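Asks: Sequence:
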Amino acid sequence: MKVCERLFLNRFNPLVAPFLDPLQFAYKASRSCEDAILLLLQCLYSHLEHHGNSARVMFFDFSSAFNTIQPHNLATKLINMGIPHGFIHWIVKYLTNRTQFVKLGPTCRSNIITSNTGAPQGTVLAPFLFTLYTSDCRSQEKICPIIKFADDTAMAGLIRGNDDGAYLCQLQSFVDYCDSNFLQLNISKTKEMIIDFRRNAVEPLQS
2 MKVCERLFLN RFNPLVAPFL DPLQFAYKAS RSCEDAILLL LQCLYSHLEH
52 HGNSARVMFF DFSSAFNTIQ PHNLATKLIN MGIPHGFIHW IVKYLTNRTQ
102 FVKLGPTCRS NIITSNTGAP QGTVLAPFLF TLYTSDCRSQ EKICPIIKFA
152 DDTAMAGLIR GNDDGAYLCQ LQSFVDYCDS NFLQLNISKT KEMIIDFRRN
202 AVEPLQS
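According to my numbering, the sequence shown is numbered sequentially starting from 2.
In case anyone wonders, no lab produced these hints; they're calculated from the structure. Bear in mind that the values here come from a model prediction, so they are computed numbers and not experimental data. Where is the CB? At the ideal position from N, CA and C, for every residue including glycine. Heads up, none of these hints are tricks.
Quick list of in silico lysine to aspartate or glutamate cross-link-like pairs, EDC-like style, CA-CA up to 16 Å: (1) 29 to 152; (2) 78 to 137; (3) 192 to 153; (4) 192 to 152; (5) 94 to 6; (6) 143 to 165; (7) 143 to 164; (8) 192 to 62; (9) 78 to 22; (10) 190 to 153.
Here are the in silico distance ranges between beta carbons for each label pair: (11) 169 to 47: 16 to 24 Å; (12) 53 to 10: 42 to 50 Å; (13) 190 to 124: 22 to 30 Å; (14) 102 to 65: 17 to 25 Å.
Work out the full structure: start from the sequences and follow the hints.
Replies: This is the structure we're talking about:
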């Protein structure tokens, strides 16, 4: 099956490449997690060099990220990209009507269930489809870049003075995006880091 997935991906990737988020660093040639970290650090360092500036970074954690892909939502996004229907149909068939069960030993087996959401774990396509599914999740503010590596996501707020309005607005937009795309944020593991060298530093947001 993985051979089939790789063959499909070799044909599919060039079609969707122009639509992928440039700030998504996973599953791209010559891109790595280190590149994502370096970009985040570069944004912070260059901003904090100026007197009176501060920064806030929200590190988001998703619950079972790959399991939240909605096939028909993904299909709609692919249609809007102009992807040929044959590819879209193959992906929907790949993600839907998947039967699964748990087996323990030679005789103990659970009931068979059918899954119509998410992507199969341990497959070649699952991580790529998630990055494609979330490729339209992008910041509308240059001072609030959203940097991703697969499902690891960081939003940086580059704040001048005490004006964090754009950051808070973009943060709400991100939460709204997650709600409308059935992405489940793990609030307990989503953390904010504040970098503020002024005397009256702001307090982090509470979950």
